[in-house]
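The whole structure should be built from the sequences, with the hints applied where relevant.
Protein chains: 2
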Amino acid sequence: MPLALPAGGIFFSLMIPDPAGPQRWQPLAQRSQLQTRVFAVLGRTYRHPVRRIEREFVVIDAPDWVNVVAHTADDRLVLVRQFRYGMDGFSLEVPGGIVEPGEDPVAAGVRELQEETGYAGTSARLLGSVRPNPAIQANHCHLVLVEGVTLAHAQAWDPDEEIEVTTPTVAEALALAHSGQIVHALALNALMLFEPVWRARRAGI
Amino acid sequence: MPLALPAGGIFFSLMIPDPAGPQRWQPLAQRSQLQTRVFAVLGRTYRHPVRRIEREFVVIDAPDWVNVVAHTADDRLVLVRQFRYGMDGFSLEVPGGIVEPGEDPVAAGVRELQEETGYAGTSARLLGSVRPNPAIQANHCHLVLVEGVTLAHAQAWDPDEEIEVTTPTVAEALALAHSGQIVHALALNALMLFEPVWRARRAGI
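Protein chains in written order, with this note's numbering: chain E, 1 to 205; chain G, 206 to 410.
It should be emphasised that the hints constitute simulated quantities derived from the structure, not laboratory data.
Where hints are given, some of them may not hold.
[Stated by the list, open to error] Just a few of them, taken from the derived set where beta-carbon distance is under 10 Å, the chain G residues facing chain E:
| hint | residue |
| --- | --- |
| 1 | 296 |
| 2 | 341 |
| 3 | 343 |
[Unchecked claim] Restraint ranges, calculated between C-beta atoms of paired labels, are given here:
| hint | chain 1 | residue 1 | chain 2 | residue 2 | range |
| --- | --- | --- | --- | --- | --- |
| 4 | G | 229 | E | 49 | 47 to 53 Å |
| 5 | G | 245 | E | 49 | 27 to 33 Å |
| 6 | E | 47 | G | 259 | 42 to 48 Å |
| 7 | E | 29 | G | 259 | 35 to 41 Å |
| 8 | E | 21 | G | 355 | 19 to 25 Å |
| 9 | G | 374 | E | 49 | 29 to 35 Å |
[Stated by the list, open to error] Counterexamples of contact, computed for chain E against chain G with all Cβ distances above 12 Å:
| hint | residue |
| --- | --- |
| 10 | 107 |
| 11 | 111 |
| 12 | 153 |
| 13 | 205 |
These numbers come from a predicted model, not from an experiment.
We treat Cβ as the ideally placed atom computed from N, Cα and C, and that holds for glycine.
Now the structure itself:
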């Protein structure tokens, strides 16, 4: 059936499940299956309210993350290139990292940008927040825009970090995103939420 | 330093690391830390070629995934809404699932679309492939475009699936993506790679 867009109808329908539609499974219990330095793996037992079955589903529980679009006054973006052991190769990305417990996501973005690249800006705001994988992962990734950035500090890498900073023009960075040369899903989210903001500004809207 | 775009320079620089830039860590060994139904957690020991240190990094090893933009002849997209235990709530997404061993990613997308929604199309192709999280995750997510889709089959859900199908116009779906009502990072990647394809087609390019 077609989805009606206006008047907040979508949001309402997402929050209040249709009794005939997908049901909200009820969490009953959870246990830790593994604790690592960067995430925990939980086994969470759910009960289906209608089917009356119970299932243990696996959930990756990590802190929230932040990814940062850092925009210079001369219309460049600050990108980072580093070795990523998950993909066992090099990845070109936007700066980012882990939101500390209790830390504001925008403040976390400003901090990570400065630590990884030495860049600091004149203003910062949230572009949006996504779920890296709502099927198996509990956390959010916040996407932050920092504007008017300049190289203001020394980098302060974590012990195992080694980061090359590049500053393509916005048009070049977006071309990299659209042509498959930036492959990090969350970095792409950040750049693609930034794109309409940037186009509107250029059009003087 | 600014990044030079033309003449394939970026691709080359990503493949052949600058000796003065980030180094490629060398994998030495790996062990299984946890095996679940949907992923394994590996401990992979790496050695830094210059610093001569060894570290065990944690890698989530999952099969490749596929997400599908399914486009009807009357300019609608097929979206699915389901309960996602990772985020413990409802999520509006594009259809998708797991690529079977040896399966072609485009064929996997066509199959998952049909199983989850009953829709089948007249043509299918790869929009792009991303890394869900290159920092800690080894797999790819392939983003597939299926065009000319119509409701052609019965749904064939996996045992624990329960899926509501909606068919907003493309403009409505993209508005949902840009306004934070679609939060699944990989679904957003698929929609945002589709957007310029769709705009070009509408402009008759």
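- Tell me, which hint numbers fail for this structure? none
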